[in-house]
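I would like the entire structure built from these sequences, with the hints used as guidance.
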Amino acid sequence: METEIKDNDTQPPHFYPAYKSTILRSPTKPLMLVKDFIKDLSLPVFGESCIGEFDNDLTKNAMKDRQPIGERIKVAGKVTDQYGRPLPGVLIEIWQANAAGRYIHKAEIHDAPLDPNFLGAGRMLTDKEGGYMFYTIKPGAYPWSNHYNAWRPNHIHFSIMGHQIEHRLVTQMYFPGDPLFEFDPIYQSVPKHARHLLVAKFRMDWTEVEFALAYEFNIVLNGSKRTPFE
Amino acid sequence: MMETLETTPSQTVGPFFAYSLSAEQYGYPFDSIVNDVLVDERSPDERIYITGKVFDGAGAVITDALVELWQADETGRYRKIPIDRKNDGFTGFGRVGTGTNPDGSFSFTTIKPGSQSGGAPHINVMLLMRGSLHLLHTRIYFSDEINDKDVLFSSINAGRRNTLIATLNYGNGRTEYHFDIHMQGDRETVFFDI
Numbered sequence: 001m002e003t004e005i006k007d008n009d010t011q012p013p014h015f016y017p018a019y020k021s022t023i024l025r026s027p028t029k030p031l032m033l034v035k036d037f038i039k040d041l042s043l044p045v046f047g048e049s050c051i052g053e054f055d056n057d058l059t060k061n062a063m064k065d066r067q068p069i070g071e072r073i074k075v076a077g078k079v080t081d082q083y084g085r086p087l088p089g090v091l092i093e094i095w096q097a098n099a100a101g102r103y104i105h106k107a108e109i110h111d112a113p114l115d116p117n118f119l120g121a122g123r124m125l126t127d128k129e130g131g132y133m134f135y136t137i138k139p140g141a142y143p144w145s146n147h148y149n150a151w152r153p154n155h156i157h158f159s160i161m162g163h164q165i166e167h168r169l170v171t172q173m174y175f176p177g178d179p180l181f182e183f184d185p186i187y188q189s190v191p192k193h194a195r196h197l198l199v200a201k202f203r204m205d206w207t208e209v210e211f212a213l214a215y216e217f218n219i220v221l222n223g224s225k226r227t228p229f230e
Numbered sequence: 001m002m003e004t005l006e007t008t009p010s011q012t013v014g015p016f017f018a019y020s021l022s023a024e025q026y027g028y029p030f031d032s033i034v035n036d037v038l039v040d041e042r043s044p045d046e047r048i049y050i051t052g053k054v055f056d057g058a059g060a061v062i063t064d065a066l067v068e069l070w071q072a073d074e075t076g077r078y079r080k081i082p083i084d085r086k087n088d089g090f091t092g093f094g095r096v097g098t099g100t101n102p103d104g105s106f107s108f109t110t111i112k113p114g115s116q117s118g119g120a121p122h123i124n125v126m127l128l129m130r131g132s133l134h135l136l137h138t139r140i141y142f143s144d145e146i147n148d149k150d151v152l153f154s155s156i157n158a159g160r161r162n163t164l165i166a167t168l169n170y171g172n173g174r175t176e177y178h179f180d181i182h183m184q185g186d187r188e189t190v191f192f193d194i
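Just so you know, the protein sequences line up as chains A and B, in that order. Sequence positions in the first sequence follow my numbering and run 1 to 230. Sequence positions in the second sequence follow my numbering and run 1 to 194.
The set of hints was computed from the structure by calculation and includes no laboratory data. Idealized CB from N, CA, C, for every residue including glycine. Some hints could be false.
Listed below are the simulated DSS-like cross-link pairs for lysine-lysine, each with C-alpha atoms no more than 30 Å apart in a straight line [to be verified]: (1) Lys-78/A with Lys-86/B; (2) Lys-106/A with Lys-86/B; (3) Lys-86/B with Lys-64/A; (4) Lys-86/B with Lys-128/A; (5) Lys-80/B with Lys-78/A; (6) Lys-86/B with Lys-74/A; (7) Lys-80/B with Lys-39/A; (8) Lys-106/A with Lys-20/A.
So the derived label-pair ranges between C-beta atoms look like this [what the hints assert, rightly or not]: (9) Gly-131/A with Val-61/B: 34 to 42 Å; (10) Lys-86/B with Asp-40/A: 25 to 33 Å; (11) Tyr-49/B with His-110/A: 33 to 41 Å.
Rendered as structure tokens:
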């Protein structure tokens, strides 16, 4: 059913039955190969005026009367192509659970408390060097119904939109050393050798004294079909 | 040969994207920079409406998918200048979740794209959902256009081309195109490897 995974491939398959929802929601036919000019199609460019003052600070952008509860962290990194070239002006949108592992989404039924001062959504554009930086609260683990006693590792969802269509990626960032990795089929759907690419690196040198811990998460977007210096 | 970096793996969008990616549509307190309207009042052309549903392999309507459209303007050109705010003129870009209409449908307001270089008018579709580990790419072509001249369309297996055709329907007193997406089955939508 699934096309063969090449040795150098870092991507999960479409059909991964341990993650049950893929069974009825993944294409059964191979994706159609298309010519390079289609991969080079542009995507929209968003201007800085789309980004609100606190859109990259999830500890402030939904604050009503006090700081959100939880461990304050900084998540930062670079967006590049496969040749390491920085990609500026890339739209990064993130969302996550609060410190108790509760999503604010209305369809969420996990019995953990909401935090009135935390929404869990943010966005920003990468700078000239492809860099980005969010302040947020470390998300908690949360249970889901994939299998008996299933728990997702702590994670932050990322939606990334670069300026060409092959630079559109949706992924999840995880935290180092999470004991739930070995039980999570979404994380495990990625080939073993590539899983580390989804795990942020703890950066002591980026922490802010008596304020926030820091993690580095770099994002490398597809671009293998293009020559590096055209 | 230059050494290349490994690409970041894709992961599912999951079920809870709405309060970030489409917050206003779902009534969350976070403004949206994109919505279901790809034009504003300055776009003079006739409005068209793209509606449809996303179906899983058992034929059930998927009510937690996110659909994005990206299209050229009436002359066949894609917008190059930055989008500075929601509905900033003709943006050509739209985004809608399937969780707010009671029947699980999506609906977009836009204009019909033009075409360039002999291709047929089309709209690029990007699709995300819980249970899909990847963002999926497909295209909408129009039932009232000559599509066989289009290089990509005509390279699709003839038996599956109709999965990319939106059907014209004037039934609701407006120009509506109906486009369903089937993840699996006899009518499985053609998705592209991008």
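These are the hints, each one checked on the structure:
no.	hint	verdict
1	Lys-78/A with Lys-86/B	holds (26 Å)
2	Lys-106/A with Lys-86/B	holds (24 Å)
3	Lys-86/B with Lys-64/A	holds (25 Å)
4	Lys-86/B with Lys-128/A	holds (23 Å)
5	Lys-80/B with Lys-78/A	holds (24 Å)
6	Lys-86/B with Lys-74/A	holds (28 Å)
7	Lys-80/B with Lys-39/A	holds (17 Å)
8	Lys-106/A with Lys-20/A	holds (22 Å)
9	Gly-131/A with Val-61/B: 34 to 42 Å	holds (41 Å)
10	Lys-86/B with Asp-40/A: 25 to 33 Å	holds (27 Å)
11	Tyr-49/B with His-110/A: 33 to 41 Å	holds (37 Å)
Violation of the numbered hints given earlier is absent; every hint is satisfied by the structure.
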